Every structure is written in C-alpha cells, then in structure tokens.
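J.: The primary structure of each chain is shown beneath.
Number of protein chains: 2
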Amino acid sequence: MERALDKVSETLLMGPGPSMTYPSVYQAMAKPTLGHMDPRFIKVMDEIKEMLKVLFGTENDLVVPVSGTGSAGMETVLVNLIERGDPVLVITNGVFSERQAEVARRLGADVDCLAFPWGSPVDPKAVSEQLNVRQYALVSMVHAETSTGVCNPAAEVGELVHRHGALYVLDTVTSLGGMEISVDDWKVDAVYSGSQKCLSCPPGLSPVSMSSRALEKLFSRKEKVPNWYLDMSLVAEYWAGKKRTYHHTAPINMLYGLCQSLYEIMDEGLQEAVLRHQKMHEYLADGLSRLGIEFIVEKSCRLPMLNAVKVPEGTDDAEARMKLLFDHGIEIGAGLGAFAGKVWRIGLMGNTAREACVDRLLAALPKVMGQK
Amino acid sequence: MERALDKVSETLLMGPGPSMTYPSVYQAMAKPTLGHMDPRFIKVMDEIKEMLKVLFGTENDLVVPVSGTGSAGMETVLVNLIERGDPVLVITNGVFSERQAEVARRLGADVDCLAFPWGSPVDPKAVSEQLNVRQYALVSMVHAETSTGVCNPAAEVGELVHRHGALYVLDTVTSLGGMEISVDDWKVDAVYSGSQKCLSCPPGLSPVSMSSRALEKLFSRKEKVPNWYLDMSLVAEYWAGKKRTYHHTAPINMLYGLCQSLYEIMDEGLQEAVLRHQKMHEYLADGLSRLGIEFIVEKSCRLPMLNAVKVPEGTDDAEARMKLLFDHGIEIGAGLGAFAGKVWRIGLMGNTAREACVDRLLAALPKVMGQK
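From first to last, the protein sequence lines stand for chains A and B. Per this note's numbering, the very first residue in the first sequence carries number 1257; after that it's consecutive. Per this note's numbering, the very first residue in the second sequence carries number 1257; after that it's consecutive.
One or more of the hints may lead you astray.
Intra- or inter-copy, both count: the list cannot distinguish identical chains.
[Said to hold, decoys possible] Derived DSBU-like pairs: lysine-lysine, alpha-carbon spacing no greater than 30 Å straight-line:
{"id": "1", "residue 1": "K1598", "residue 2": "K1478"}
{"id": "2", "residue 1": "K1623", "residue 2": "K1473"}
{"id": "3", "residue 1": "K1499", "residue 2": "K1381"}
{"id": "4", "residue 1": "K1299", "residue 2": "K1381"}
{"id": "5", "residue 1": "K1566", "residue 2": "K1309"}
{"id": "6", "residue 1": "K1623", "residue 2": "K1309"}
{"id": "7", "residue 1": "K1473", "residue 2": "K1535"}
{"id": "8", "residue 1": "K1579", "residue 2": "K1498"}
{"id": "9", "residue 1": "K1579", "residue 2": "K1309"}
{"id": "10", "residue 1": "K1566", "residue 2": "K1498"}
{"id": "11", "residue 1": "K1305", "residue 2": "K1263"}
{"id": "12", "residue 1": "K1299", "residue 2": "K1263"}
{"id": "13", "residue 1": "K1535", "residue 2": "K1299"}
{"id": "14", "residue 1": "K1555", "residue 2": "K1263"}
{"id": "15", "residue 1": "K1579", "residue 2": "K1499"}
{"id": "16", "residue 1": "K1499", "residue 2": "K1623"}
{"id": "17", "residue 1": "K1305", "residue 2": "K1535"}
{"id": "18", "residue 1": "K1623", "residue 2": "K1299"}
{"id": "19", "residue 1": "K1623", "residue 2": "K1305"}
{"id": "20", "residue 1": "K1498", "residue 2": "K1535"}
{"id": "21", "residue 1": "K1499", "residue 2": "K1566"}
{"id": "22", "residue 1": "K1579", "residue 2": "K1473"}
{"id": "23", "residue 1": "K1579", "residue 2": "K1381"}
{"id": "24", "residue 1": "K1579", "residue 2": "K1305"}
{"id": "25", "residue 1": "K1309", "residue 2": "K1263"}
{"id": "26", "residue 1": "K1535", "residue 2": "K1480"}
{"id": "27", "residue 1": "K1309", "residue 2": "K1473"}
{"id": "28", "residue 1": "K1566", "residue 2": "K1473"}
{"id": "29", "residue 1": "K1598", "residue 2": "K1299"}
Calculated directly from the structure, the hints in this document are not laboratory data. Fair warning: this is a prediction, and the values are worked out from it, not measured in the lab.
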C-alpha cells in the first residue's frame, strides 16, 4: 500500500516559511532522543540560549524557545504580560499584527488598534500622537510583516513606547536571523520568533525573550497567568532556574534541530547571513523586474526575506502556483486576507537565500505566467 | 570546539517518557520539509487522523495532533471547554490530575477536587457520591497516572459523569498506544495524549479528540476561547475543514515522525502492541521481584507501561540513577512531588517495551543498588 509519507519529496520552499531546512538540521533532529532532564540535554538548552541572545541582540536572562510554533510565541508574550482590562495598543498593517490584536482581545485586554494600510509601513509620528491620547500598559507591533513584506520602524517605535512608560512587544518571526535585530537597543520588552523562517529549522519552536521590565510585570500580576503551558515564570525555572525544575517535557529532537540551525548561523556569522539576505533580495528584485513583475511595497521599506509582488496581469494565481509546485518543484506563497488572489509572496529565508534558488525560480516563473 | 550536540548519544530510555524513538521515525523526521498547505502534506495529516481514531477508539470527527507537548493537550481541552465560573470537578490522585486542577483554576473555573491517595486508584463509588452533591459542567480525570503508575477506572467514571450530564475529560498521555482505549464506549468528551510515550515518537505533539457534545459546548460559548493558538474551532478548520484554512504553521517534520510512529503501530497491530506492553510488564515485574524491588501500586491497578517502585533500602536515589545513566546508558525516572527521593518510575512505553531493554535494566540495576 502506498502511504502519504512515501510521496513527500524535496521541494524548493520559496514561500513565507517554512524555508529550506539545512541538511545538517535534518541530521541533528535524527540524533537519539534524550530525556528532558538529562545533563547532556541541559547543555544543549544552554547553548541554544546563548546563541539566541546573539541573534536577538540582547543581554536578557530570559531567552527560551517556546514549545510551539510562532503563533505560540505570540500567545506566550501576550498571555504573560496582559491582565484583564489592561489598555493595549496594537499597531496594525497586516495579518500578523491583526492577529496580535485578536489574541489580546481574547485575553480580556482593552484593545485600541492604530491601523496603517497593508503594504505601507508604520508611521512613528502617528504612533506618537496616539500615545499622547491614552496611557497604555502595552504596545505591540510586528517588525517584519510576513503578509505584506513590509519592514516597520522597530527602533523608533520602541523609543516612543518607552517614553510613555508602556511595555513594548515586537514580532520578529520573519526577521530573526535574516536582519539585524537589537532587542536591547530598540527597548523591546518581549519579542518572539519562529524556527521555520530565517533559522531554516522546521516549524515547531518559537524563540522568545523578555526584558527585566517585562518580568517585573509578570511577577506583579494580580492573577496567575491564565495559561499554565505558556506561563513563563514556570517555563523559565526549567530553562534558566538553578534547579532546572521540570515543567513540561521539552520537544527534544526539535531542539536538536534548532541548536544545529543556530550553529549554522554562528559558523557563517550573523552579519554575513544578514548581508546574504540583502544581496539575494537585490538579485531576485533585478530578475523579477526583467520579467515585469512588480513589488507592492516601496523600495525603502521592503523586507529582504519576504518579497510581496503583484500576480502578473493575465496569470491565474492558484493555477500558476500549483504548476510551479508540481511541474517545477517550487513553492511560493499566496496572498493572505485582502491580498488573496492578488499577491505572491516569495521567500528568501535562511538557507533559501541562495543564488541557485533564485535562479531556479526566475527560470520557472515565465513558464507559468500569462496563461489565464 | 566541542559542541553540546556532539555529546548526544544513544541512551536506553526507560523513564516516564520520552521512550525509545523508532529508528524509522528518525528517518521520517529527516524527510524534506514541505509547506503546510502542500497537498502532499494535507494527505499526511489525513492519514494521521485516521490512525489516531483507531488508537483512541473513536468515530469523532475532531481528531488533531495539537502543536505542543502533552501539557498543551491538557491546556487545549480545558481552555476550549471551560468558561469562567463553570463548576468543574477534578478527580485527583497524582501530579497530572493536580495539574488539570491548576489549569482549570487559572481559566477561572470553580474547581472542586475529589482527592484519592497517591498510588491508589480512583473509587467510582466516591465519584458517584460527589456527583450527587453538585451539578458540574465538566469532570476531569487521568486514565494512566504517570506520576504513580496507577490505572484509573475510566469507563466506570465516564458512565457516572454522563448520567449527571457533565462533560468528561480524560488524560491518556501515558496509555495511548499501550493500552486499550475506547473513547466512544467510555463516553469521553475530550481526550488528549502525547507523542513521546507509547507512540515512541519524540515529544512535541499532543493528539487530541473531542466528541460532538464537547463541540456543542465549544460552539455555544458566551466568550471566545481565551487562547487563540489552541482554539479548536480554528485549528479544526485547518485539520478537517473543507477549505483547510491556514491557522498556524504546523510542525511539519514532527508530524512526519508521528505519522511514521502510527504506521509502526498499525503494522504491528494495536492489539498486539497492547499485549506486548502487558507481557513486558510481567517480565519486568518478575525480574524486579527477584531483585527484591517492590511496586508501590496494588497489582490489580498497575499500569503496564509505567512501573512505580520503591527505591531499594540502602540505595541513594539520585546517585543510583546517575550511575545508571552514565555508566550503563540507561535512564529511569525519579519520583515526582510527594514521591521524590522515594520512588523510581520505570517506563515500558512503545518501542521500549522489549525483552532486550528489560534484560539490560535488570542486569544493570544490581550494580547501582545498595551503595548508600
């Protein structure tokens, strides 16, 4: 009998994530499972923390890969830092910031949204004005909007948020490992990311970090965190406490994979990896321009790793993507929400940000275009 | 430079989980990552669902491996089915049922605990009496208590709970795949498990299923589920909806692993696997008895896959376990909570329930005993 797993085959992942897993990461994930209290595994955890500190640009004590995908990271920082009734500002310009607002509302926060058009960046001046209108406990934004390919001014907004005394939450799911991130300099109090974007590990883990200001809020909550699984005061005991108290069974082999992907980035050098993303982005942009494919985002605020472009005139969105996938073995991403059917999202994340990947895509695209 | 991952080596995992990952599962996890909307991956998801239905003994439509470890499964069923103020009864006789109570309280439930001594099973008569005292919205229990090695009367309690009109939540983290489970016959409304016990896949996934009665409660909630990541009405759209709407990026390679571990169980036959657990338990019990090591649980309610025994007189708990681990490459589990320092937990889960594993342990144990 043929089984579904037999049909899984190598595919060039140029969508919004997952990206091309490093071959060494597959090998690492296949290392023998250890117990979650094994001293050898504790050392793996310690190395992961130290490497994530470099990527996040932080001296925070609390750096933990949460046992869930990127959205679990979002849930983690918000459920730990929000109490019912807290006034929260979410700055939105895409699916993932709107998701932050939805998560915060479900947690009982009193949420205001400051909305910018999809495809445009956040304007710090408007943020400043909003912060003068109301005193917020927490302000949340996305650094690299995966749904639109826009880079938001994380440092400028951080400066403003701290001036007003609020906690600053930043989503770096798509940017971590592919752009410079300075959690400490940008005054970010809680940050989360995902393993499957520029880290090029499979999905399943969400690196999270919190500042001492964030921990003050966490430890002075009136009620316990209404989510036992993601309560960072408990999770941190296992990841950083002196006694390494068991909380929940860590996803051992996934963490091997994450550890190896971080080795890859350390070996290349973070700056070099960031530079490679930028170079490959420019290389792709040149090629797309020759094919007449247009970006939807102004050059000044484009993300290198997530290239959102207009579906070419006369091309059927879904049909072209399916042809790319099945005839050429290449996945690119569809548009989400308001962009569905109109936008393609081409990922250049981590191990996917290579000349050979871009060349393959640029060779295949003309064969699936203009056939509506 | 030597790195922590280089020191990870094959270890015989005879603790309370993770168990010995099937070699074929490591291979499956190393298959190429696909996108989470790839039609080939959707087929993998569909096969996982069908196989989990067999293991759970259910015709429920909703069967999903939640993107988190076993405790995420606990969080999932409780956060979806509890609303603030709901009267909830948690039947406790170990760490994991006490954790259910803690999760429920954090969700704002009005929790009563019906406590039985650790190491003793739940008494259905006492449950029946308690159910006459108060009308509960939900009653929660653990089938196989991983902290004590006790098997609770899941079918009898289910009958009682339904007679009183409450929803019935059952933890099968340790029993799934190693004992017969009949979610439908036992009238279980929400059940969760873990990938790293009798399924012998690494930790990271929590199979969950909900009955139509549970879904009625979910869809008639007054407020949205206060946890976006684990909201089953959204997760189910991706796993079972006609449009397979994207919710969060699934942990692709972990799901390959789970799929392969389920193939292994299907190939062996579930009944055969269950029988093997029972046989190996008896084989181990004989050997332990020859060594003078005593069980803490009455024979009639011992779990086959989790053997809780007294730390032998004159043996230092931690020292003996560390010697087993580092001199003999065997992990067994420490006691939790009230059992810390007094109890060892010997796991015979999934691929660990083999004669060769038991033989290795029985040969090594005398070498680490009686050296206090």
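J.: First find the shortest C-alpha distance between K1499 and K1381 inside one copy, then the shortest across copies, and answer within, between, both or neither for a cut-off of 30 Å.
T.: neither (47 Å within a copy, 41 Å between copies)
J.: As a check of your reading, is K1498 near K1535 (CA-CA no more than 30 Å) within one copy, between copies, both or neither?
T.: So K1498 and K1535 fail the 30 Å test inside a copy (43 Å) and across (41 Å) alike.
J.: Between the shortest in-copy and the shortest cross-copy C-alpha distance, which are at most 30 Å for K1535 and K1299: within, between, both, or neither?
T.: neither (35 Å within a copy, 37 Å between copies)
J.: With identical chains, the pair K1579 and K1305 could be close in the same copy or across copies; at 30 Å between alpha carbons, which is it: within, between, both, or neither?
T.: Between copies only: 28 Å across, 41 Å inside.
J.: Between the shortest in-copy and the shortest cross-copy C-alpha distance, which are at most 30 Å for K1579 and K1473: within, between, both, or neither?
T.: neither (51 Å within a copy, 42 Å between copies)
J.: Since the copies are identical, ignore which copy is meant and state whether K1305 and K1263 lie within 30 Å (CA to CA) inside a copy, between copies, both or neither.
T.: between (36 Å within a copy, 17 Å between copies)
J.: First find the shortest C-alpha distance between K1598 and K1299 inside one copy, then the shortest across copies, and answer within, between, both or neither for a cut-off of 30 Å.
T.: For K1598 and K1299, only the inter-copy Cα distance (27 Å) is at most 30 Å; the intra-copy one is 47 Å.
J.: Within a copy, between copies, both or neither: which one fits K1566 and K1498 at a CA-CA cutoff of 30 Å?
T.: between (52 Å within a copy, 27 Å between copies)
J.: Is it within, between, both, or neither for K1566 and K1473, if the alpha carbons may be no more than 30 Å apart?
T.: neither (43 Å within a copy, 43 Å between copies)
J.: As a check of your reading, is K1555 near K1263 (CA-CA no more than 30 Å) within one copy, between copies, both or neither?
T.: neither (40 Å within a copy, 46 Å between copies)
J.: Within a copy, between copies, both or neither: which one fits K1579 and K1381 at a CA-CA cutoff of 30 Å?
T.: Answer is neither; intra-copy 44 Å and inter-copy 63 Å both fail.
J.: How would you classify K1598 and K1478 at a CA-CA limit of 30 Å: within, between, both, or neither?
T.: This pair counts as neither: shortest intra-copy Cα distance 46 Å, inter-copy 36 Å.
Checked against the numbered hints above, the structure breaks hints 1, 2, 3, 4, 5, 6, 7, 9, 13, 14, 19, 20, 22, 23, 26, 28 and satisfies the rest.
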